[in-house]
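Using the sequences plus the hints, can you model the full thing?
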Amino acid sequence: MSIHKHDYRAYTGRVTPVWTRIFVLGRYSLAEAWSSKFTTVLFVVCLIPPIGALFTIYLANNPAARLLMGNVGPRVLAIDGAFFLNVLTIQSWLAMALASWIAPRLITLDLVDNALPILLSHPISRFGYVLGKCVALFATLSIVTWVPCLLLFAYQGYASPVPWAAANLRIAVGMFAGSLVWIGLISLLGLALSSWVKWRVVATGIIFAAILVPAGVGAIVSEVLRTKWGLLLNLPLVAFSLWQRLLGLHDHVDELKKLPVGAILAVLALACCLFVVMLNKRIRAREVVRG
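The letter at position 129 of the sequence shown is residue 453 when you use our numbering, and the numbering goes up by one with no holes.
Calculated directly from the structure, the hints in this document are not laboratory data.
Fair warning: there could be bad hints in the mix.
Taking CB as the label site, the calculated pair distances span [said to hold, decoys possible]:
#1 R550 to P341: 55 to 63 Å
#2 A593 to N410: 36 to 44 Å
#3 I442 to W417: 35 to 43 Å
#4 P584 to T340: 40 to 48 Å
#5 A388 to T340: 52 to 60 Å
#6 P341 to P441: 22 to 30 Å
#7 A587 to F532: 21 to 29 Å
#8 P341 to L504: 20 to 28 Å
The calculated BS3-like cross-link candidates involving lysine-lysine, where the alpha carbons are at most 25 Å apart (straight line), are [stated by the list, open to error]:
#9 K581 to K552
#10 K522 to K605
#11 K522 to K361
#12 K552 to K522
Note that the structure is predicted; figures quoted are calculated from it, not measured.
Positions of the beta carbon are idealized from the N, C-alpha and C atoms, including for glycine.
Right under this line is the structure:
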């Protein structure tokens, strides 16, 4: 049949709700992130510290096991806020390594292959596109941050011979809130820097440099000027200071490195706004043709 004899009608079937479209991008982004064997290797490495922490909790609550290990005192294996802060810190750094590898895989190919205009021609906005990528990162990074931390908290509450969980509920809430802040920060950082770099391997290195270089500069400024305000350039230290307060450990902070809560929140908000501006400048449905 000739083309001109066909009747074309608009689609009248069921339309996918707007709020669910981002999960389509999230599903494909997850598939892309986990298509690499190196992602699986990194994920396995991220699970090693929680397994060690689980064994430590078991020893701390089992006198017979401590006796077999040389009668280690309970003070050496104290399971408290400091213990969970160390677990959260280790997992956050591992999540940073995982995000620096995954984030470039999620966004670089769309920009290099000029696929972004095609994606945005579908009924999805730029905000929905970025949110879909963030959903994939959030799902992956959650498995190595707050999920194992809360599982360890639950096991400690179960294994402790005294009512422990209810008395230390602030630790669980603090780990969950601190993990969400860190995941949001490194997700925006990874996507923002990856959107400006064409090569994935280079993007991974730049993400690490964006964390480590300002931290080094801030340490130099603080040492030369004998002030603590240079530490605000150190995003991991800023996040660590926030975690200490969330877990109720701010009394153990060195006064020379104690940052005000307002300054911590302002730096984190400013960093996130900067990353959003970078994404807004780059994520656009346009194609540059040089003649």
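Pair hint outcome, K581 versus K552 [Cα-Cα no greater than 25 Å]: Within the cut-off at roughly 6 Å; holds.
Could you see if the CB distance from A593 to N410 stays within 36 to 44 Å? The hint (36 to 44 Å, Cβ to Cβ) is violated, given that A593 and N410 are roughly 26 Å apart.
Taking the Cβ atom of R550 and the Cβ atom of P341, is their distance within the range 55 to 63 Å? holds (57 Å)
Is the straight-line distance between the alpha-carbon of K552 and that of K522 25 Å or less? Not satisfied, since the Cα-Cα distance of roughly 37 Å exceeds 25 Å.
Indicate whether the distance between the beta carbons of I442 and W417 respects the range 35 to 43 Å. holds (37 Å)
For P341 and P441, compare the CB-CB distance with the range 22 to 30 Å and indicate the outcome. This hint holds: roughly 24 Å between Cβ atoms.
Restraint check for K522 with K361, where alpha carbons must lie at most 25 Å apart: holds (21 Å)
Checking one constraint from the list: CA of K522 to CA of K605, max 25 Å. Satisfied? Status holds; Cα separation ~15 Å.
Falls inside 52 to 60 Å, the C-beta gap from A388 to T340? holds (57 Å)
Between P584 and T340, does the beta-carbon spacing fit 40 to 48 Å? For T340 against P584, whose Cβ atoms are near 46 Å apart, the range 40 to 48 Å holds.
Okay, P341 versus L504 on CB: inside 20 to 28 Å? Distance hint for P341, L504 holds at roughly 25 Å.
In this structure, is the beta-carbon distance linking A587 and F532 contained in 21 to 29 Å? With Cβ atoms ~25 Å apart, the hint holds.
The earlier numbered hints that this structure contradicts are 2 and 12.
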